[in-house]
Amino acid sequence: MMKLDYQELGLKVGLEIHRQLDTKKLFSRVPSELVDDVDFTFQRRLRPTMSELGEIDQAALEEFKKGRTFVYEGNFKLSDLVYMDEEPPHLPDREALEVALQIAYLLNAIPVDEVHFMRKIVIDGSNVSGFQRTAIIAMNGKVRTPWGDVGIPTICLEEDAARIVERKDKKVIYRIDRLGIPLIEIATTPDIHHPEQAKVVAKFIGDALRATRKVKRGLGTIRQDLNVSIKGGARIEIKGVQELDMIPIIIEREVIRQINLLKIRDELRKRGVKEEELREEFYDVTDIFQNTSSKIIAGAIKKGGKVLAIKLPKFRGLIGFEIQPGRRLGTEMADRAKKYVKGIFHIDELPNYGISQEEVDAVSEKLNLGEEDAFVLVAAKEETAKKALREVLQRAEEALYGVPEETRRALPDGNTQYMRPLPGKARMYPETDIPPILLTQELKEKILTNLPELPQQRAERIVKQYKLDKSLAQTLVDEEKDELFEELVKLGVKPSIVASTLVGLLKGLKSEVPVENITENHIREAFKLLAQNKIAKEAFEEIFKELALHPEKSALQVAEEKGLTLLSEEEVEKIIEEIVQQNIEVVKAKGMGAMGLIMGRAMAKLRGKADGKLVNQIVRKKIQELSS
Amino acid sequence: MRKIEQFMKEKNLNIGDYVEVVEKENDHHIAYRGLVMPPYELSEGDTLTLKLDNGYNIGILVDQIVEIRILEKAKPKEVKEFKEIIQKKENLPDVTILGTGGTIASKIDYKTGAVHPAFTAEELALAVPEIFEIANITPKMILNIFSEDMKPEYWVKIAHEVAKALNNGEEGVVVGHGTDTMGYTAAALSFMLKDLGKPVILVGSQRSSDRPSSDAAMNLICSVRMATADFGEVSVVMHGETGDTYCLAHRGTKVRKMHTSRRDAFRSINDIPIAKIWLDGRIEFLRGDYRKRQESEVWVDDKIEEKVALVKVFPGMNSEIIDFFVDKGYKGIVLEGTGLGHTPTYIINSIKRATEEGVAVCMTSQCLNGRVNLYVYSTGRKLLKAGVIPCEDMLPETAYVKLMWVLGHTKDLKEVKKLMLTNFAGEITPYTKYNVY
Chain A
1 MMKLDYQELG LKVGLEIHRQ LDTKKLFSRV PSELVDDVDF TFQRRLRPTM SELGEIDQAA
61 LEEFKKGRTF VYEGNFKLSD LVYMDEEPPH LPDREALEVA LQIAYLLNAI PVDEVHFMRK
121 IVIDGSNVSG FQRTAIIAMN GKVRTPWGDV GIPTICLEED AARIVERKDK KVIYRIDRLG
181 IPLIEIATTP DIHHPEQAKV VAKFIGDALR ATRKVKRGLG TIRQDLNVSI KGGARIEIKG
241 VQELDMIPII IEREVIRQIN LLKIRDELRK RGVKEEELRE EFYDVTDIFQ NTSSKIIAGA
301 IKKGGKVLAI KLPKFRGLIG FEIQPGRRLG TEMADRAKKY VKGIFHIDEL PNYGISQEEV
361 DAVSEKLNLG EEDAFVLVAA KEETAKKALR EVLQRAEEAL YGVPEETRRA LPDGNTQYMR
421 PLPGKARMYP ETDIPPILLT QELKEKILTN LPELPQQRAE RIVKQYKLDK SLAQTLVDEE
481 KDELFEELVK LGVKPSIVAS TLVGLLKGLK SEVPVENITE NHIREAFKLL AQNKIAKEAF
541 EEIFKELALH PEKSALQVAE EKGLTLLSEE EVEKIIEEIV QQNIEVVKAK GMGAMGLIMG
601 RAMAKLRGKA DGKLVNQIVR KKIQELSS
Chain B
1 MRKIEQFMKE KNLNIGDYVE VVEKENDHHI AYRGLVMPPY ELSEGDTLTL KLDNGYNIGI
61 LVDQIVEIRI LEKAKPKEVK EFKEIIQKKE NLPDVTILGT GGTIASKIDY KTGAVHPAFT
121 AEELALAVPE IFEIANITPK MILNIFSEDM KPEYWVKIAH EVAKALNNGE EGVVVGHGTD
181 TMGYTAAALS FMLKDLGKPV ILVGSQRSSD RPSSDAAMNL ICSVRMATAD FGEVSVVMHG
241 ETGDTYCLAH RGTKVRKMHT SRRDAFRSIN DIPIAKIWLD GRIEFLRGDY RKRQESEVWV
301 DDKIEEKVAL VKVFPGMNSE IIDFFVDKGY KGIVLEGTGL GHTPTYIINS IKRATEEGVA
361 VCMTSQCLNG RVNLYVYSTG RKLLKAGVIP CEDMLPETAY VKLMWVLGHT KDLKEVKKLM
421 LTNFAGEITP YTKYNVY
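Protein chains in written order, with the numbering used here: chain A, 1 to 628; chain B, 1 to 437.
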């Protein structure tokens, strides 16, 4: 991989982090839980609103005229009128507001004096009302990093959108359970100049969020977006970055992509390509492929489709030019065309995929291709093929100017893929159903004096307070198990046992059973059994395995089914008494010398049902009683 | 004067000025840039509202502002004139839309966030273009009041405007109305518009028209369709369910707002709706007993007695409530009785006194659904003996409006009773159907 001088390249990165708060919904006292039960649906349309000057967002109006309807899935228990847009919003959730303020202070930001909720127009249906409610809670925050400070201009509290269930031609289905869950939105200035710096900033922000213990955990609860640009390139918004460790990789790959797109631009300029040379001329080359061995093309023709080609003058070699590991300009063209067709074929990758050299030559001849010219072809219904090729042409045109501004999706390997054009400027107006909220000095002081520990401080405290190994404590905090840890220790279980179970045992089972099915409640139950001496800690493994497979069971139920429950002290004593009586002669003769024999017989009977230590104690006591 | 108003005056600040504000909070100095926004109507007035460059508003405590500089004075607002009339299409029917207040469509000033009503023909054509494909629309603003401020004298005004438009050759009239008291106005128009042969449609919206999800546009589209239909009555047209699938046309005397906020708040009570109006334009009549469109000159029978009260009966009710209205010279009282139409027995004497003094006392039920019957229990029989007029299955609000109108014509209690029990506009159904509840 090339060595990159980020300063020279003028790398600029900004982060935008969204995280769900674990409180009630923002404007209604509905628990913010996701449910799969759908009890009812309703159907709506969203109409673009007119501006003061009579303007209507034309794109939005076109969408509306197409008659797109939105179907919303609701649940009797967890859906309410506010989030069906059938009732005015209630006042914002107090807890969410306070958590947002905590986060603001942890990020060195200054809360605004008065919070004004706004309506941000969103008419893709993901908000039933047609707008998202959002407000600035604090401004002017700051993250210190070894590369320099990074600003946090705004911290917002807003509503999450509905979950998309299915997108059909004229209908989009959403589930409204997620709608209205409070989201904290933290944006940084584009003052990040190194990929590693971005990770440090994201980690710091993530730590502050987690410190509150009031953020949701798990898939989909955190969304990290990156804004990346280099000098001469363009701002690219990258969505859906899940893991912290991927951030530097994604940034690096985006930088490489932009560098390569600029190289392609320079080469196209050198070759003297003009925009007007990229003409929308479709060549029907279906006859060339009548006997093709390309399954895709043959299949499309059989279904009544056509094979259409366009000419991309002087693009030869550049469509196949690698811009990210494994991705070419051709891949970007294919991503754009994806709305209409599964894939495209371009000359730089042919012959391949069942397309022969003869067929390539025949197409080249028909299009009258020069040495530097390229073609792209698509097999589909004629209109669909044309639409797909128009997208390809559009992307080719943009290649003349370098990097097109767009929103891209992060791929698991660190590459990115086209998602949609950059969103336009937000259209906002005040949410007049909610009065402005004055943040009183009293409230601010209350929050400020009760700020939660940051995870780092917490790990250090755990080491000291519980005499735990440093790395174990760090893992507990990193995996957000520290809160549960402290709760379980309070039950009276040894800290080292709690920690090793939470961090070691459960992780160890991952390869055997679906451990994600084990809930905190399961774990709590199991530890309660241990604390009450109803099970031995050796029983954990079997209990958790079974719970992972049958999460509907309780820990006690599993322990009983599997015969893992311990006998009570009286029961143990009774059994040992029996054994002693059966061997009374030996005991009387040998005294403490009979210890080994009795222990052996007792353990044979009690293994897994009583703690060895306890057995030992009782055996010793019994023998002593008889031999004294 | 609130603190913010004082401050704006002192600093010569105008709404829309682009400013830089420096605030001192504890030990920090913070600078903000943005547009000065109008102070919130109901706030204490201690903060300056600023619209930041990113579009968000925030409030800054005036007391903490240490510096404010105007970077750019507000430019005179770009005012766009919208045409009152747009070109008519020959093949389309003519429909007048009368505005009484509230907003059928809204314009949003995205620069300041202010929301204004859109009501000229051109604005409506931009906001709800579909209605101009159904009819030639002439909008006319006749009142500008909140629905809760509606008065009987306004009913008369609306009725005359409706009659004027219809007699001018309009195929139908749509009346935009706030939803709170729309049912009362619908009843009033039902009684006052005589020899009506064309549709008079009342319409409103439950969810504000400045939101993309508003029910306003669809309600309006369905209303205009109903206003061009083969129909000749007063009707309320609103959403039929929570989804944007169809509207229902309810008879003006049988409709009531039954929910504070839902789109389908309006329901026909003791009756079924007249028609379903689907989004695709289909009108599905749900019954046959409605008046069809007919040639006639409509006229307004606007004689009204305003001294009428609508009184809800409740446990522990004191008879002085009845006495009060009698002493104040009221000519009629509509009681919203309990159950089949009862009051506490201990106020019956006051009711008797009222009727003896010539005050018409009518009985409806706070159950809303079902019919009053004063023969079943002794209390009812005593109320009848005291001269109470049982109003069959009439809605209390409809009975209230009707009594005003009846008393506008006669004060003779015998005559009043006869008229109250005569069905003029579908307000009384002859027998109680099973499927209306």
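None of these hints come from the bench; they were simulated from the model.
The structure presented is a predicted model; accordingly, all values stated were derived computationally and were not measured.
We treat Cβ as the ideally placed atom computed from N, Cα and C, and that holds for glycine.
Please note that a few of the clues may not be correct.
[As the list claims (entries may be wrong)] Reference listing, derived: stretches of chain A covered by chain B, where coverage requires no fewer than 3 residues with Cβ under 8 Å from a Cβ of chain B:
no., stretch
1, 78-92
2, 107-119
3, 432-440
4, 551-563
[Said to hold, decoys possible] A few chain B residues that don't get close to chain A, going by computed Cβ distances all over 12 Å:
no., residue
5, Tyr110
6, Glu123
7, Asn167
8, Gly243
9, Phe314
10, Leu374
Hints and how they fare:
Counting residues of the stretch 78-92 of chain A whose beta carbon lies closer than 8 Å to any beta carbon of chain B gives 6, which reaches the threshold of three, so the coverage claim holds. Look at the stretch 107-119 of chain A against chain B: 8 of its residues bring a Cβ nearer than 8 Å to a Cβ of that chain, three or more, so the hint holds. Proximity of the stretch 432-440 of chain A to chain B, defined as three or more residues with a beta carbon under 8 Å from a beta carbon of that chain, is established by the 4 residues found. Interface restraint, the stretch 551-563 of chain A with chain B: violated (0 residues with C-beta to C-beta distance below 8 Å; minimum three).
Not every Cβ of chain A is farther than 12 Å from the Cβ of Tyr110(B); the closest lies at roughly 5 Å, contradicting the non-interface assignment. Distance check on Glu123(B): its Cβ comes as close as 7 Å (rounded) to a Cβ of chain A, failing to clear the 12 Å threshold; non-interface status is violated. Against chain A, the non-interface label of Asn167(B) holds: every CB pair exceeds 12 Å, the least being about 33 Å. With a least CB separation of 4 Å from chain A, Gly243(B) falls inside the 12 Å interface cut-off, contrary to its annotation.
With a closest Cβ-Cβ approach of about 27 Å to chain A, Phe314(B) is found to remain outside the 12 Å limit, as its non-interface label requires. Listed as a non-interface residue, Leu374(B) keeps its Cβ farther than 12 Å from every Cβ of chain A; the least gap is roughly 38 Å.
Of the numbered hints given earlier, the model fails hints 4, 5, 6 and 8; all others are met.
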